[in-house]
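Novice: Use the sequences and the hints to build the structure in full.
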Amino acid sequence: MNVAASVSSSVDARLPAPMGLLLDRSKTVQFEFEGQTIQGIQGDSIGSALLANDQWLWSRSFKYHRARGPLTLSGHDGNTLVQLADEANVLADRTAADNGLVVSGQNVNGSLAKDKDAFLNHFGRFMPVGFYYRAFYKPKGIWDWWEKHIRAKAGLGVVDLKGQPEYYDKAYLFHDIVVVGAGPAGLTAALTAADAGAQVLLVEENPILGGSLTYADFPDHADPESLRQQLIGRVEAHANIRVMTSAICNAWFTDNWLPVLQGKRMYKVRAKECIMATGSYEQHVVFRNNDLPGVVMSSAAMRLMKHYAIKPGQEAVVVTGNDDGYLTALQLHRQGVLVQAVVDMRAAADSQKLLFDVEELGIPVLFESTVYEAVGGGDGDRVTAVDVRRIREPGKVADSSKMIRCDLVCMSAGYMPAYQLLCQAGGQLSYDDNKAEFSLRNLPEILHIAGSVNSIHTLDAVMADGQRAAFQALSALGMGSDQPLPEVACTRRMNYSWPIFPHPKGKDFVDFDEDLQSKDIVNATRLGYRDVQLVKRFSTVGMGPSQGRHSALPTARLVSKATDRTVTETGVTTARPPLVAEKLSYLAGRMFDPYRETAMHHRHKALGAKMIPAGTWQRPAYYPANIGLSIDQNSQPTRQNRDDCIEAEARHVRSRVGVIDVSTLGGIELRGPDAAEFMNRIYTFGFLKQPVGKTRYAVLTSDQGVVIDDGVACRFRDDHFYVTATTTGVSSVYQLMTFWNTRWRLNVDITNVTAAFAAVNLAGPDSRKVLETLTDLDLSAEGFPYLACREGKIKVPGSFSDTTDIPARLMRVGFVGELGYEIHVPSRYGEALWDALMSAGAAFDIKPFGVETQRLLRLEKGHIIVSQDTDGMSHPGELGLEWAISKNKPYFNGKRAVDIVMKRPQTRKLVGFTLPAELVKQGKKPEEGHIVLSDSSATSAITGHITSCEYSPAVGTIIGMAYVGIQQSEPGAQFPIRVEGGQLVNATVVELPFYDPEQARQEM
Amino acid sequence: MTQSTESLQPDNGQFWAEAALSRSACYRRTAVAQPMLAAGGQQLPERFDPQDVERAKKAGVLDLSGLLRAGYRGAGTPELLGNAGLPIPARPNLAAAGADGDWVLRLSNTEYWLLGSLTNRGETLAKLPGLDACDSGCLDATPDACYPLFCMDSHGWLMLTGEHVSDVMAKLCGVDLREEAFPLGSIAQTSLARINGIIVHQEINGLTAYSILCDNASTDYLWTALIDAVQEFDGGPVGLASVVG
Amino acid sequence: MKIMPCPLNGPRNISEFTFGGEVTPLPDVASAPDSEWAEHTFYSYNGTGVAREWWYHVPSGYWFVAERHRVTDEILRTYDPSELPADALNNQQEAFQ
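In the order they appear, the protein sequences are chains A, B and C. Everything in the first sequence is counted per the numbering used here, starting at 1 for the first residue and increasing by one. Everything in the second sequence is counted per the numbering used here, starting at 1005 for the first residue and increasing by one. Everything in the third sequence is counted per the numbering used here, starting at 1250 for the first residue and increasing by one.
Don't read these hints as lab results, they were simulated from the structure. Values in this document were obtained by computation on a predicted structure and should not be read as measured data. There could be a bad hint or two in this list.
Across the chosen pairs, the derived CB separations fall in these ranges [what the hints assert, rightly or not]:
| no. | chain 1 | residue 1 | chain 2 | residue 2 | range |
| --- | --- | --- | --- | --- | --- |
| 1 | A | 569 | C | 1296 | 25 to 35 Å |
| 2 | C | 1275 | A | 974 | 38 to 48 Å |
| 3 | B | 1144 | C | 1270 | 49 to 59 Å |
| 4 | A | 689 | C | 1287 | 27 to 37 Å |
| 5 | A | 504 | C | 1296 | 49 to 59 Å |
| 6 | B | 1144 | C | 1287 | 45 to 55 Å |
| 7 | C | 1299 | A | 476 | 19 to 29 Å |
| 8 | C | 1271 | A | 476 | 26 to 36 Å |
Here are a few chain B residues that face chain A, going by a calculated C-beta distance under 10 Å [claimed, not checked]:
| no. | residue |
| --- | --- |
| 9 | 1022 |
| 10 | 1028 |
| 11 | 1070 |
| 12 | 1137 |
| 13 | 1155 |
| 14 | 1159 |
| 15 | 1171 |
| 16 | 1174 |
| 17 | 1179 |
| 18 | 1181 |
| 19 | 1182 |
| 20 | 1185 |
| 21 | 1196 |
| 22 | 1221 |
| 23 | 1236 |
The beta carbon of each residue, even a glycine, is placed where N, CA and C say it ideally should be.
Specialist: Right, here's the structure in full:
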């Protein structure tokens, strides 16, 4: 193509103003389409610029690779999907033409114009409805082979895998009234509501306000543009109205929760009241080759002229079922198009004036007639003529044919309400088969409709309907007047009842996206799919990019006729969010990803700890530096590194002294006269007689009798308990406690103090010596014995502050099985405590240790970790916790269920086991989750699984805990474990604990 | 868009907050600011740079975790507040300012939180009984049925200032926090940026300020979320001096 | 997203709340047969009508009661648990004596 010639023709050949509402004629834009340079005007969409350059072939259809061009020119059909360099499936008629865009067709083999797969068009009779389902399901596996070939043929766009991330985010908006759609109904509704003082958000999907006023002509209004100017002038100046253009309300969720997409932001809008003035979709006529480029909706031709000042063709035929076809014919004529005929499917026009106006121009009007077939040139060419026939009866035409030459066919079969958002709100769409009119019922009280979505079409009535809806919404907000609501009725009939004319040779498309012809729908019902939902799933009708905007109604009509029901009885398929394709970036943009850090977090990082997640916390797993390794945070230590680290840290705790950050441990403070009574009702043990200064193990069971949490209860005063809970369980423990005290109303104050305390466990034979340098407390075995708890001060030298004493709670616990102290301090002092311990411990070669090491140490002591060694069925008997259940309490949480489950014959038990150390090197060490079998035979049953397993340097063997069958649970019993690769190893049950059974070390 | 947190690291690798034993959970984020001392021995960021005042007017983010705060729950709390000459808000989820610029937050029928004055840096609150909630002896210092809470340690305290406060919050929080729906003295206990928080609408020297109290362990996270959200409005971190002069 | 009117905090997105089950009286801890206890633990009423339910506002840690229509999902009333009628709970206070 000669670029210079194209420039002048595409820019200069535009229609004069006032056509071209969207154009800024002072600026041009230039981009590339299929290797050609396309010149457009600022304000053009990619699509309009293509049409201005006489490029009517935009895409190829999904199944038959038929040539397709514009249909609605409003972003509502799937014919317009094109590929940009960095984005696939872009709507050419909605995306602005920008300088430098590189645009190409999609779903083509070769080029758009010379698609090598266009031959598929001739194989349509071999690809009937349900073709893929029916052809490729036998023999088994054949689909796997076919799938890649079919996908290659039926591809959509290409994803740019090198794309750079862009910043998308979300925001919340709150308005009294949200009006969706800024046509005459929406504008009037917004103004009415705002005048009454409501804060209004007006959401419009197009770049300009006005809706149908921007492109349509009206029999009752000569100058829609001046009406539009008047309305938007007031809207834009109104202090109570926020306007969002190029914004899509993409769903309706409960209580008017509306996602509105605009630019790179998703707004989550909460509306007290919502008015949907979403308009209606013009419907096509079903005839043979109704998909040829040049066959468009009447409203598309109107948009082309009024929005973009493009003359849609030289010779036009209008096929219509309402008076809007006449208005289109008149506008086409005004803009210099030769209108060859108005083909009216009805017996007469509603408006004698419009008929007179058209006929006066010498345009022939053919009543009770339809276009039966459109005729094109070659593949990819525009329509060249239509075959017009008399309608004998609904859907059937006479034999005699009249060929009319044309390069443009405008279709007006009627309008379907843009019902999708309303159906999401529970609205029901009904259709009156006699009057061919829709109605929407059963809407929530906070949702109103106005305008053509409410089947109101006369312009004055549309605006009155907008006002009525606003009054309704205002009245619900208590801002309305006492006047009765105006009655709004529409006198115009817009829908022709049967605009479907099946052709024996087919290609009479119901659904353009999915290449479905009228016989495909009828055949689906004959194959037994009589429900419209099943027809959809079998035929894929309505599943394409246009989501049934044009196919739903003809499908409902065809199914209703084939199954002898009404359209209302047949119904339409369910409309679900999102309304239009939603970019993943809207959903992925600016995700909030909370994390929690202990007060000592940065000290661990400085020490090079390998961190692992624990809920939303990050905790040190182990410290590679403890074996002289320096591991970058981004690189992974090897399994051997890990094992070596854990072994070294464990040996150090057992021989010298180590310190671990246990700040993530849950903490709950219980204070008040009824604190002990409350503890006694919640946990399984008895707490009424727990001495002050002592700790007690606290087990929590659920209503089902399952162990759900454990911790250590410290009693600091008669009326004060401090109880720990598991890191991930504390929120639900606190919730459970407050729930029960809401019922019991005991005189106790319950506070979740998890984040308020930083804590460490200082453990090892030298721990007392380290702590002695930091406190005045009596740390002797008699003064502060095992399982005691104390309040005291940790003395820390401050640089300038007077505060040198950190208040602390200390407890002697045996979790890791050595002499040790848990030290809990207010979290603001956590880092100073860590520093003080590391510095006081230096003389004793103190080393930090991580969670993985702690897991090994406690495993050596046979202590369970709730949720690692327990599951949703673990009752206290299975865990060997009978000793922690008080027998002489009337109640504790879960008591009855515990009694019931523990009365039953026990089927499994958590036991300790050992395996020879050599298995580690042979790669046969069991892992958590590996299964335990009843025996080694081929018919063995699964009796349990491994919950914890490590090599223990202190014991010298592999040790672990596992659920085993009750008959396998006695010490000395052997049981097989299926390890990695399916091999069996035989483990031996042993008494717990594995290490220091006399408990001498922790009680030092 | 996130402002590089590395740029806030001090040149010499030293953090002034570490001079005190008591530290904010996100003190590293304010390391380049000039510090000042608050009651209780903690330090606060006083000033980042000469643009602090401008940023504070648009959308400032201030870490007040070092400033004294306290909380009490129980039927005996009004007695304690009365003794201290502090106001008692009429109903839950209302806040009131005391004479010295301290704020009393009523969170439920019987739960009250106190935020230290920015102007006297918490001096008034420092005189309240039972401030050391960690010590069970605190129960003897307060009236019957008045339990000291752990606000100083359980919660971090960030403040958002300036004309864009509600625009920033609209990016983080699903509750309507525009001034008309959330007037001065309102409290919202809600979820923001996917964590729980208490948001209070205050005014400091004529400047709109929303205090945000969040889980102490999530303070660093919330700081990064706020700094990211204020970029759009030319906001950023500010020191206490930008608010109290 | 549904709105829940919290008696303490006002109308809020329902994502701020967790559901705590129906308000049901406890069977007698000491004397109820196992079957009655199992029924209480594992079964919920699955009919129409108005349900009286426990709800928990997570950010403020507040339990309250909501009355909700099981068919329309409309929340008819929410209130502080102190307003519950005495017979709604059967907390077995005597069992603890």
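Novice: All hints are to be evaluated individually against the structure, with a verdict given for each.
Specialist: Cross-check of the supplied hints:
Look at residue 569(A) against residue 1296(C): about 30 Å separates their beta carbons, and that is inside 25 to 35 Å. At roughly 46 Å, the beta-carbon separation of residue 1275(C) and residue 974(A) lies within the given 38 to 48 Å, and the hint holds. The hinted window of 49 to 59 Å between residue 1144(B) and residue 1270(C) is violated, with their beta carbons roughly 40 Å apart. For the pair residue 689(A) and residue 1287(C), the beta carbons lie near 33 Å from each other, so the given range of 27 to 37 Å is met.
Residue 504(A) and residue 1296(C) have their C-beta atoms about 56 Å apart, which keeps the hinted 49 to 59 Å range intact. In this structure, residue 1144(B) and residue 1287(C) meet the distance hint of 45 to 55 Å, their C-beta atoms being roughly 47 Å apart. Between residue 1299(C) and residue 476(A) the CB atoms are about 23 Å apart, so this pair conforms to the stated range of 19 to 29 Å. Our hint of 26 to 36 Å for residue 1271(C) and residue 476(A) holds, since their Cβ atoms are close to 31 Å apart.
With a cut of 10 Å, the hint placing residue 1022(B) at the interface with chain A holds, because the nearest CB-to-CB distance is about 8 Å. The restraint placing residue 1028(B) at the interface with chain A holds, with a minimum CB-CB distance near 8 Å, inside the 10 Å limit. With 10 Å as the threshold, the beta carbon of residue 1070(B) comes within range of chain A, its nearest partner Cβ sitting at about 8 Å, so the hint holds. For residue 1137(B), the suggested interface contact is upheld, since its CB lies about 8 Å from the closest CB of chain A, less than 10 Å.
Because the closest C-beta pair between residue 1155(B) and chain A is about 8 Å apart, less than 10 Å, the hint holds. For residue 1159(B), the interface hint holds, the least distance from its beta-carbon to any beta-carbon of chain A being 8 Å, beneath 10 Å. Annotation: residue 1171(B) was flagged as interfacial toward chain A, and the flag holds, the nearest CB pair being 8 Å apart, inside 10 Å. Satisfaction of the interface hint for residue 1174(B) is found here, the shortest Cβ-Cβ separation to chain A being roughly 5 Å, below the 10 Å cut-off.
Contact between residue 1179(B) and chain A, as hinted, is supported at the beta carbon level, the nearest pair being about 8 Å apart and thus within 10 Å. Annotation: residue 1181(B) was flagged as interfacial toward chain A, and the flag holds, the nearest CB pair being 9 Å apart, inside 10 Å. The criterion of a C-beta within 10 Å of any C-beta in chain A is met by residue 1182(B), whose closest approach is roughly 7 Å, and the hint holds. Interface restraint check: residue 1185(B) against chain A, minimum CB-CB distance 7 Å, threshold 10 Å, status holds.
This hint holds: residue 1196(B) has a C-beta 9 Å from the nearest C-beta of chain A, less than the 10 Å allowed. Hint status for residue 1221(B): holds, given a least beta-carbon distance of 4 Å to chain A, under 10 Å. A hinted interface residue such as residue 1236(B) counts as satisfied when its beta carbon comes closer than 10 Å to some beta carbon of chain A; here the least separation is about 9 Å, so the hint holds.
Violated hint: 3 only; the structure is consistent with all others.
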